[in-house]
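Listed below, chain by chain, are the residues.
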Amino acid sequence: MIEDLRQLGGGAPIACDLCLIGAGAAGITLAREFIGSGLTVSLVESGGLDFDSQTQALYAGKNVGLPEHGVDIGRLRFFGGTTNHWGGRCTPLAPLDFAVRSWIPHSGWPISRDDLESFYRRARDVCGLGAPYSDADILSALDIQEPALPPNLLRLKLWEHAPYPWSFGAIYREQLRNAADLRVLLYANLTEIATNAERSAISAISVRSLEGTTRIIRARCYVLCCGAIENARLLLSTADERAPALGNRRDLVGRFYMDHFRGRVATLVTADPQPEIEAVFNYFGDPAQRLYQTGIELSPEAQRGQSLLNACAVFDYEGDPESGIAEAQAIWRELQDGKWAPDIGEKVWRVLRDLDGVAAMVRRRLSDDRHPVMPLKAGLIVSDIEQAPNPESRVTLSNTRDALGQRRVCVDWRATALERRTAKHFALSIGSALLRLGFGRCRIEPWLVEPPGEAEFGLSETYHQSGTTRMAADPRLGVVDADCRVHGMENLYVAGSSVFPTGGHANPTFTIVALALRLADHLKVTLRQFARAAP
Amino acid sequence: MTLDALLGWSVLLSLLLAASAAMIMPALWQFERVVPLGRARWFARGAAIAAGALALWYAIPLVVHTLYHTNAVIGGAPRP
Amino acid sequence: MSGPARRDADQRGFAQPATGPLQPSRRDVVQALACWSLPVIGFPRVPPVAASDAAIPPAALVEIFGDTAPLRLLGLLYLRDHARDADPQRLRHALFNGSTPQTAAQMAQSVAARRVRDLAAEDIAIVGGWLLTRGEAQLCALVALTAAPT
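Chains as they are written, first to last, in our numbering: chain A, -13 to 521; chain B, 2 to 81; chain C, 12 to 161.
Rather than coming from a laboratory, the hints here were simulated on the basis of the structure.
All of these numbers come straight from a predicted model, not from anything done at the bench.
Glycine included, C-beta positions come from ideal geometry on N, C-alpha and C.
One or more hints might be untrue.
[Claimed, not checked] Computed list of chain B residues with no C-beta within reach of chain A, every gap over 10 Å:
{"#": "1", "residue": "Val12"}
{"#": "2", "residue": "Leu18"}
{"#": "3", "residue": "Trp30"}
{"#": "4", "residue": "Glu33"}
{"#": "5", "residue": "Arg34"}
{"#": "6", "residue": "Arg40"}
{"#": "7", "residue": "Arg42"}
{"#": "8", "residue": "Arg46"}
{"#": "9", "residue": "Val65"}
[Said to hold, decoys possible] Here are the computed lysine to any residue pairs in the SDA-like style, where the Cα-Cα straight-line distance is at most 20 Å:
{"#": "10", "chain 1": "A", "residue 1": "Lys325", "chain 2": "B", "residue 2": "Leu38"}
{"#": "11", "chain 1": "A", "residue 1": "Lys325", "chain 2": "B", "residue 2": "Arg42"}
{"#": "12", "chain 1": "A", "residue 1": "Lys325", "chain 2": "B", "residue 2": "Gln31"}
{"#": "13", "chain 1": "A", "residue 1": "Lys325", "chain 2": "B", "residue 2": "Ala52"}
{"#": "14", "chain 1": "A", "residue 1": "Lys325", "chain 2": "B", "residue 2": "Phe32"}
{"#": "15", "chain 1": "A", "residue 1": "Lys325", "chain 2": "B", "residue 2": "Ala60"}
{"#": "16", "chain 1": "A", "residue 1": "Lys325", "chain 2": "B", "residue 2": "Leu4"}
{"#": "17", "chain 1": "A", "residue 1": "Lys325", "chain 2": "B", "residue 2": "Val36"}
{"#": "18", "chain 1": "A", "residue 1": "Lys325", "chain 2": "B", "residue 2": "Pro27"}
{"#": "19", "chain 1": "A", "residue 1": "Lys325", "chain 2": "B", "residue 2": "Arg40"}
{"#": "20", "chain 1": "A", "residue 1": "Lys325", "chain 2": "B", "residue 2": "His66"}
{"#": "21", "chain 1": "A", "residue 1": "Lys325", "chain 2": "B", "residue 2": "Val35"}
{"#": "22", "chain 1": "A", "residue 1": "Lys325", "chain 2": "B", "residue 2": "Pro37"}
[Claimed, not checked] Over 12 Å on every C-beta distance to chain A, these chain C residues come out as not near it, computed from the model:
{"#": "23", "residue": "Ala71"}
{"#": "24", "residue": "Asp98"}
{"#": "25", "residue": "Gln100"}
{"#": "26", "residue": "Ser110"}
{"#": "27", "residue": "Arg126"}
{"#": "28", "residue": "Asp134"}
{"#": "29", "residue": "Gly139"}
{"#": "30", "residue": "Gly140"}
{"#": "31", "residue": "Trp141"}
{"#": "32", "residue": "Thr144"}
{"#": "33", "residue": "Glu147"}
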């Protein structure tokens, strides 16, 4: 059932086996796993079913490091969380992302890619991906000719896309509403955590609406599922004069804040009016309406050999505005979607002005059956660069307070020299490869070519926040253990990207879901043990 | 509206009307042989062709969408 | 700026492999012209060269590239960071093995062959951010040193 705390009013404490705080990708995935398990679950969400600005304003914080708009506009605070504007791109973290990499301090997960493999397979259904196929099969079905990239440097990267939009809140709302033993509580903000005397277990939490309605929730286990920034803020808020924050004996909560660095690293131009490259690196759809994207990634050999972070790139094509072909293709694409293109009048006129070019394209299309490609003005090479874990890049609490009286966050996002070096090497590798393959000529972004310090860092955030409650087997090195349980706490867990020790280049949602599925399996066992042990 | 848009709309409208006329007029001539319309035939022809053009405006996207699933390149900028 | 003929769709890149004619397109010139946006302060002053020292017949250059001003600019950029190559003799030797081609076809063949070798050896230069093969960059440098500004 789905309830509104504001209407529920105050009352007796809510008792359940499992309390999930945050209804985003992690929280909703966890909740669904317990449907039919016989265990009672409360899923607590700060917002409602739709966006509202008052609740969203609770996310506002201070930015003292690199510009990070992910603090207040990158994350969404209502049912479904940040999946409400998720682009849907799915790929697992690479095996090397989990390894200790000697050239990247603080790298290494306490689990391996193999440990997550079965959960990635299950995550496919959660993310709407359908049955798995190999990359080779997909490329063959899409009729993509894999280019001869230098294998010691670069690889073709294939992403699958969830059907767009894939908001977990919209997709799973009715299932959660109808689930027995599951109680979704909206407009409920976590404001207080009560522990036992040793501060080794949570005894209860208090949730409050903006209007002041309060309820106590008592559960056997609690899971924070609020995202990297909010998970850190909630834990840090448990500190008082007598004791450090929960899980923070080593001052690690909030540290190692990471996001992917994204931006243009190079521009490709080509003399070919029908650029082949568009038929290789692009978005593609198959007859079953499944969406894929191809791009380039740094090979593990290059990362090891050159001591680099992981990185990937996609191509963002700018059509030749003088070309009627681009306009004709735009009109055709919109018709395939069942509608006329906006500004159809202007498009038609531009097609007529370039009728010979359009006719030539049609002739070519009919004779070769080649994929229709757009005459290029330029191909912008947009890269996602992994961030090196940096303890000085961190989330702390500011002295300002929100409408609930809770301290807001202060985000100090920092980069290291390794991100710039990775971006430069990656851009040069791509440019050289494309030149050698005859796809065209690249201009590397000036800020990558000029000495550091003389040019502004040309990459910005992607809203892939992670790392603030990192996973480590050794409590001196992390906030949660390999089961995502907070070190030193019996019944407090963390789900989501805040547990990532490193982030690869992969969009985090797919891994968030896989980890949530793994945590769900662990919690089912743990809760049954708790139940047997309880009087 | 820009001049380019005006010109483009004129061409598009002309094409739709021409296609409509090509499809409708033979049938309309047959009809007029059976039911003489007198002076009203011009109005009837105009109305029929206009209605046909409007029907084509809605039908063309529907038909293309129904017939053309594709492996084609879709394009588009990276999403967050 | 005069625009050279648009390249046939089957031709790619800055220079064509030895099998076909070399005809830079509008795009290549636009690429080169991107260098116009860079400040000219700081370019090395190159001494004028006597006509008898001209490395490449100007007519051949114009036939292949049309407007040579963008090449000259690229060459100046290259020489700013590779002063060692500011020697027409050295460049002639590196590009043409000492025997300067006299016709456009000969030069195209020579440059194209060098391009293929450079790409195989991954000998790439960064000139104003643009990736050129070493031979392409040296050709631009030679034009900068010896061809009169157009």
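Least C-beta distance between Arg126(C) and chain A, which was stated to exceed 12 Å = Not fine: 9 Å to the nearest Cβ puts Arg126(C) too close to chain A.
Minimum Cβ separation between Arg34(B) and chain A greater than 10 Å?
-> With a cut-off of 10 Å, Arg34(B) remains clear of chain A, as the shortest Cβ separation is near 36 Å.
Taking 10 Å as the cut and beta carbons as the points, is Arg46(B) off the interface with chain A?
-> holds (26 Å)
Check on Trp30(B) being off the interface with chain A, judged by Cβ distance over 10 Å = Correct as stated: the minimum Cβ-Cβ distance to chain A is 30 Å, above 10 Å.
Starting from Lys325(A), check that the Cα of Arg42(B) is at most 20 Å away, please.
-> violated (33 Å)
Would you mind confirming whether the straight-line C-alpha gap from Lys325(A) to Leu38(B) stays at or under 20 Å?
-> Roughly 37 Å separates the two Cα atoms, so the pair is violated.
Mind checking the alpha carbons of Lys325(A) and Val35(B) for me, to see if they're no more than 20 Å apart?
-> The given pair, whose Cα atoms are some 39 Å apart, is violated under the 20 Å limit.
Examine each Cβ of chain A, and state whether all of them lie more than 10 Å from the Cβ of Arg42(B).
-> holds (31 Å)
Does the structure keep Lys325(A) and Ala60(B) at a Cα separation of 20 Å or less?
-> holds (10 Å)
Measure nothing beyond the straight line between the CA atoms of Lys325(A) and Phe32(B); if it is 20 Å or shorter, mark the hint as holding.
-> The given pair, whose Cα atoms are some 33 Å apart, is violated under the 20 Å limit.
Compute the least Cβ-Cβ separation between Asp134(C) and chain A, then decide whether it is above 12 Å.
-> violated (10 Å)
Test the statement that Trp141(C) is away from the interface with chain A: the closest C-beta pair must be farther apart than 12 Å.
-> violated (5 Å)
Taken one by one, the earlier hints fail for this structure at numbers 1, 9, 10, 11, 12, 14, 16, 17, 18, 19, 21, 22, 27, 28, 29, 30, 31, 32, 33, listed in ascending order.
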